[in-house]
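Visitor: So the chains spell out like this:
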Amino acid sequence: MSQDSLQAFLHVGINHYLVLSGILFSIGVLGVLTRKNAIVILMSIELMLNAVNLDFVAFSRYGNNIDGQAMVFFVMTIAAAEASVGLAIAVAVFKRFKEVNISKFENLKG
Amino acid sequence: MSPELLIAVLLLSPLVGFLINGLLAKQNNKSAVRAGIIGTLASGISFLCAAILFSTLLGLNGEERHLHVFYFNWLEVGKFKADMAFLVDPISAVMIMIITGVGSLIHLYSVGYMGHDPKPAKFFSYLNLFLFNMLVLVLGDNLLLMFVGWEGVGLCSYLLIGFWFEDPAKAAAGMKAFITNRIGDAGFLLGLFMIFVTFGSVQFQELAKMTFTPEVANLGPITLATLFLFIGATGKSAQIPLYIWLPDAMAGPTPVSALIHAATMVTAGIYMIVRLNFLFVAAPTTMGVIAVVGAATAFFAASIGLLQNDIKKILAYSTVSQLGYMFLGVGVGAFGAGFFHLMTHAFFKALMFLGAGSVIHGMHEEQDVRKMGGLAKKMPITYFTFLCGWLAIIGTPLFSGFFSKDEILWNAYSSPLGSHALWVVGVLTAGMTAFYMTRLMALTFWGESRVAPTVKVHESPLVMTIPLMALAFLSVVGGWVGIPHILTGGHIPNIFEGWLDSSVKTIEGAGSAGEEWMTMVVSVTVAGASAYAAYFLYVKRPKLVSELPKKFKMAYNLIYNKYFIDEIYQWTLVKPLIQLSRGLWAYLDVRVIDRTTYLVSDIVKGTGDNLKLMINGNVQQYALYILFGVIASLAFVFAR
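Chain order of the listed sequences is S and X.
Residue numbering for the first sequence follows the working numbering, starting at 15 and increasing by one per position.
Residue numbering for the second sequence follows the working numbering, starting at 776 and increasing by one per position.
Okay, chain S solo, but in the shape it has when bound:
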């Protein structure tokens, strides 16, 4: 690897953020798809949302546009609301079944 290309690699640009965001998002998706524990699924969703937030901020910074940062606030607000509702249900399910396995949520069917 030549000096120049090393420099280019070490120089943090938008691609670094996007790759990191992609990795985080993929981990989140994997968590949502594979885990049975409701808490872990909620955490994975949080991870996906934050990956998106990272994208927003990165584009905002490199695109010289403040809109992306404003959007992040919305996302965080909604994420907080979603987490509170999700956790509340998880707590209720835990109280009833002593565990928070996603399969127990089927009992919520009317």
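A couple of the hints might just be wrong.
[Claimed, not checked] Straight-line alpha carbon distances no greater than 30 Å define the calculated DSSO-like cross-link-like pairs of lysine-lysine that follow: (1) X:Lys1153 / X:Lys1325; (2) X:Lys1088 / X:Lys1315; (3) S:Lys123 / S:Lys50; (4) X:Lys1088 / X:Lys1325; (5) X:Lys1350 / X:Lys1337; (6) X:Lys984 / X:Lys1088; (7) X:Lys1315 / X:Lys1328; (8) X:Lys1387 / S:Lys123; (9) X:Lys1152 / X:Lys805; (10) S:Lys50 / X:Lys1387; (11) X:Lys1380 / S:Lys123; (12) S:Lys118 / X:Lys1387.
Treat the hints as calculated values from the structure; they're not laboratory data.
Since the structure of chain S is already known, use the hints to place chain X on it.
Guide: This is chain X only, laid out in the frame that chain S set:
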């Protein structure tokens, strides 16, 4: 009153009667009197309107003698145009008088006859519906409106023949009538199309104004169109080869046989030809076919009538035979004579059917003449009225049938379209008619009683005998409107001929007065001789009769079994058709069409069955599908 109002009331009165009685039928009311009063009243109001219209026509003279009433434009498609319009002219005026007059009498009679029937309201509603359709048929001012009535009366005929449909044989008779009529109706429709294509109009008065050269007519579409229309007429009016339904139609209640299958509906074919006489005279080939078919039917049916034992069947074959006479008349160009016979026949045949109904009623549903005999004393009114009908139909001088039948025979002899052969067939038929009718009289009313001792014969109530008396009166005097000139030396005019003169193009026969006297004397002599022969055989020497079948075994069996025509049709047409249908069903329908549709449904169902496994309620799996979808979409976007 204006003609518009009169015709509207004339037509709608039976329709309203039909609706009222039809709604009453739902209530399951068993009172024949109430339904009968409604039905008879509806028909009576119609008769009143018809009479007023008739007298209005009498007030007009010559060419102006018609009333044309337009209500609204019924349909207009391209050049095709049909109005809801009605035409009262001398031809249809006579028809509406017969339909509503005889119809009202038969309604009245039915009150007595259907007294014990469980569903009288239904019966009277059908009867009223029939009247409405028949009036539409005769009054319609175009072929399409006529066709509406034509189909409507066919429907009512079907409903009334199969009125006692609990009996499968009677239901089958209804279907036979309907299906046979369908064949004729198809012919009628084709004729209608031909006329529209050729002339661009189906309106009678417009058609009448057109002129056509004989060359065009004889080779061209007029012959074809009139032949098609004649096929329609053979269906409705029971002529060879479609006559087979009429004898079976006797399965219906007797008043129905009198009204529909003797006096009115079956004459629709004659009426149609007389109505379109200007077309038919332009096609001499068709005229020849009509005359020959008519004469053949008259002869053929009369010969079958000779050996029937069911009182209604005898009258049915007689009706077919008399209709053949009418066709013979119109076929030789004597439209007036054919139409005249239509009228007198309506009187005396309705009378005889009602008389037969009275006998059947009095004998507690016995129809076999072999189990009757000597009824004259027990049913004097029925006997006396039936006697008038008998004298009329065999052509006794001065009775109605004599004048009309004689006029047809004279025209068959003298008309340029007629021939001596047709006349001979006609005279032979008149002889056979006299024979079987006398036989009917002898077996039913004369001679010794063969009634089973358990049967208590009684005369029918007044409500049934009054129509009989009225019709008997008409059977006697009904012919006096058409007295031929030679009988009176021209002192009494032939009213009927003059009446039709403006609307019918009769082909005049050429012959001397001597010849006319000759034909008259011959036919009366032949009829008288065969009537006496029948009287001699069946009253004086009944033993001889029982030996006849043994002597002429072949001929007897042939005629007794109605020439096996029903069987021949069964084997040559019905059975092969059923076999063909069955084959088509088993092979084409089940194996090809059904399988194809099943294949399609199987593919859809199989696909669904497999796809539904994906929908299992596992949300994480759904999320995976979404992911696949996203990846696929992205791949699609970027791969481009």
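Visitor: Work down the list of hints and note, for each, if the structure agrees.
Guide: Structure-based check of each hint:
no. : hint                  : in the structure
1   : X:Lys1153 / X:Lys1325 : violated, 34 Å
2   : X:Lys1088 / X:Lys1315 : holds, 24 Å
3   : S:Lys123 / S:Lys50    : holds, 18 Å
4   : X:Lys1088 / X:Lys1325 : holds, 23 Å
5   : X:Lys1350 / X:Lys1337 : holds, 19 Å
6   : X:Lys984 / X:Lys1088  : violated, 43 Å
7   : X:Lys1315 / X:Lys1328 : holds, 23 Å
8   : X:Lys1387 / S:Lys123  : holds, 20 Å
9   : X:Lys1152 / X:Lys805  : violated, 33 Å
10  : S:Lys50 / X:Lys1387   : holds, 24 Å
11  : X:Lys1380 / S:Lys123  : holds, 28 Å
12  : S:Lys118 / X:Lys1387  : holds, 23 Å
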